[in-house]
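Undergrad: Take 602 as the starting number for the sequence shown in my numbering and just add one per residue.
Hints may be right or wrong, so weigh each one.
[As the list claims (entries may be wrong)] Estimated spans, in silico, between C-beta atoms of each pair:
1. Asn625 - Glu655: 45 to 55 Å
2. Tyr651 - Lys614: 58 to 68 Å
3. Ile657 - Arg613: 26 to 36 Å
4. Ala603 - Lys626: 47 to 57 Å
5. Tyr651 - Arg613: 27 to 37 Å
6. Lys608 - His642: 45 to 55 Å
7. Lys608 - Val630: 43 to 53 Å
8. Lys654 - Ser610: 49 to 59 Å
9. Pro633 - Ser607: 39 to 49 Å
10. Lys606 - Arg643: 26 to 36 Å
11. Pro641 - Asn615: 46 to 56 Å
12. Val604 - Val630: 23 to 33 Å
13. Ser658 - Pro633: 50 to 60 Å
Rather than coming from a laboratory, the hints here were simulated on the basis of the structure.
Glycine included, C-beta positions come from ideal geometry on N, C-alpha and C.
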Amino acid sequence: MAVPKSKTSKQRKNKRRASSYRLNKATVVECPNCHESKLPHRVCPTCGYYAGKEVISNGEEA
Numbered sequence: 602m603a604v605p606k607s608k609t610s611k612q613r614k615n616k617r618r619a620s621s622y623r624l625n626k627a628t629v630v631e632c633p634n635c636h637e638s639k640l641p642h643r644v645c646p647t648c649g650y651y652a653g654k655e656v657i658s659n660g661e662e663a
């Protein structure tokens, strides 16, 4: 069985673990109705449309 020759320091361990801690860019798509940017799979905050249907009328939230 393989045994480490020396102890892995906290700094080395944390550098390796922290390499994947980062913020990902938010995906933004264009609304097909009003051509404003919005998050995918969500109602457009400016026009209130989702999948070609009006979900929120005139900016009023449900």
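Undergrad: A separate judgement is required for each hint: does it hold in the structure or not?
TA: Do the hints match the structure? See the list:
1. Taking the beta carbon of each, Asn625 and Glu655 are about 31 Å apart, not inside 45 to 55 Å as hinted.
2. Remark: the range hint 58 to 68 Å for Tyr651 to Lys614 is contradicted by a beta-carbon distance near 45 Å.
3. The supplied range of 26 to 36 Å is broken by Ile657 and Arg613, whose beta-carbon atoms lie about 52 Å from each other.
4. Evaluation of the 47 to 57 Å hint for Ala603 and Lys626 yields a failure: the beta carbon distance comes to about 39 Å.
5. A hinted range of 27 to 37 Å for the beta carbons of Tyr651 and Arg613 is inconsistent with their spacing of about 48 Å.
6. At roughly 47 Å, the beta-carbon separation of Lys608 and His642 lies within the given 45 to 55 Å, and the hint holds.
7. A beta carbon spacing of about 49 Å between Lys608 and Val630 agrees with the range 43 to 53 Å that was offered as a hint.
8. A C-beta distance of roughly 57 Å is found between Lys654 and Ser610, which places it inside the suggested range of 49 to 59 Å.
9. Checked against the hint of 39 to 49 Å, the pair Pro633 and Ser607 fails, with Cβ atoms roughly 59 Å apart.
10. Separation of Lys606 from Arg643 is about 52 Å and departs from the stated range, judged on CB atoms against 26 to 36 Å.
11. The hinted window of 46 to 56 Å between Pro641 and Asn615 is violated, with their beta carbons roughly 34 Å apart.
12. One distance hint, 23 to 33 Å for the beta-carbon pair Val604 and Val630, is violated here, with the actual separation near 52 Å.
13. The supplied range of 50 to 60 Å is broken by Ser658 and Pro633, whose beta-carbon atoms lie about 18 Å from each other.
Of the numbered hints stated above, those contradicted by the structure are hints 1, 2, 3, 4, 5, 9, 10, 11, 12, 13, listed in ascending order.
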